[in-house]
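Below, each chain spelled out in residue letters.
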Amino acid sequence: MSTAAATFVSRFGVWWTILRICIEERLVYRGDFALGTLMRFLPIITQTFLWTAVFVGAGGPAAIGGFTRDEFIAYYLLTYVARAFSSMPGLASSIAAQVRSGEIKKYLVQPIDLLTFLFLSRLAHKLVYYAVATAPFALVFYICRGYFHGWPDAPTLGAFVLSLMMSFLLGFFLEATLGMIGFWFLEVSSLLFVYMLFNFFFSGHMFPLTILSEPWRTIVLYQPLQYLAYFPAAVFLGKVQGPELVQGLLGQAAWTFAFIVAARTAMHFGLKRYSAFGG
Amino acid sequence: MQPNYFAVFREFARNSLVREMTFRGNFILDCISSLSWVFMQLGLYLVIFEHTNQLGDGTGWSRWPFFVFLATTLFVNSLVQFFFMTNMEELSDLIRTGNLDFALLKPIDTQFLLSMRKFEWSSLANLVFAAILLGVALTHLDFTPTPLQMLLYVFYVMCGVALLYSLMIGLGSISVWLGRNESLYDFWFYITNFSRYPMEIYSGPFGTPLRLAFTFAVPILLVANVPARLMAWPLASQDWRLAAYAAVASIVALVASRKVFYKALDAYRSASS
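Those sequence lines, one after another, are chains A and B. If you count by my numbering, then the first sequence holds residues 4 to 282, one letter each, in order. If you count by my numbering, then the second sequence holds residues 9 to 281, one letter each, in order.
So that you can see chain A by itself, here it is in the shape it has in the complex:
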């Protein structure tokens, strides 16, 4: 075996070990996890009633912002799927906390890259999450199947899956970049809170972004947060098609790439600034 191949095999072995440990760690509280996931769908009930009332109050229009009433409910359910991929609870704050406490030293003295380690650990977290959350998700979607008009065609479904994968990457590197700010500022919790608010609003978790009036509508469809919830859901519902769909996926890829570079760059310069004391 050549040295390059041997290096790769050993590196892959390390990745595999990290992934396996993280999965086992995550599986400890699976019961609580599944119940918590089911409870998280409860706001769907009030959203259904609220938007039904909005449509009735508006005199029963065919659609608001391009979404019918049923599609609104389907949209909310799909944003849950999208956020299951893109949300990274605690990622940025844990990076910042490790910088502050000096725990980050261990990545400097061991042959493990910080971002790779975090990425694998997050991947493990997500894999376990899907394994446990599939049942409650399937149950809720089965109950609400009336709000969907069947499955979309294969290309749309493919685009949906692709955008979900990218939303995972985008979510991870965006949060990681924010966490790296911890190299420059000691306390980032208030900054992260502001980000969380923006994320909630501009990712489209509260409502489909197209119901905003101009110029807001155009503006929000240029920012990266839309890819964390709005875009995948809109793709599934067939709201983005043809050249628009290709453009959207390319846009998402571009933002993802930009934040991969941003996270790497921030870590590079952050580590140069970083000084560790004590043992």
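Only part of the chain B face toward chain A is listed, based on derived beta-carbon distances under 7 Å:
#1 37
#2 41
#3 48
#4 56
These aren't lab readings, by the way, just hints derived from the structure by calculation. Glycine is no exception: its CB is placed at the ideal position from the N, C-alpha and C atoms.
Given the coordinates of chain A, assemble chain B onto it according to the supplied hints.
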């Protein structure tokens, strides 16, 4: 000797204010963050009322009456947060660690002591915002509320606080039996989520049972709906039966939750040595 409850209450308020003022920057950030959530809610409804004139058909919840409703929800919730939230969050910890012993030993009513030890002063930011929102909304209504309405409004906001508090202390009691109740706060959030909307939106074959359940079994729909209706609509179009029921329900809830709480305390076994 009977303790002077008012003096203790004042001392609790003062202590918590002193504590919050020790970290003033943090206090201001807390105010800003709780206000931001409110602004987002307001943003959602501003967007919604761009697309419709009212919620539901003929319900009377058009833009400005609805903002009276929103302000009412904020009033009740920020008052609950101000007086009770921190204390209830700590209750399950006190039980788990056995520190509840110290509360039981003090010569003062235990429910009073555990419910009001710490005040969350930063939630008053939301209260101030609610007052402004209410003021603006009232000037846009097509009638002027009478002094009687104002008086009833204050009374029913207090009823709403009483209802939510009863639910809270009831849930808190459960943690005595369970020993630990971490999802208590989640459950609280999801249940009270139902109370944040006008009750008229819960209609249809699924909505009507839901509305009845949250009016009569767990009366959280009364919390904001009753005071908001009293203020947002003229006196002539009020449902007085609902208002009378809400007053009775609040008293019953307070009495019942106190009973449950003391029953739970009887079951408490200290965890410390």
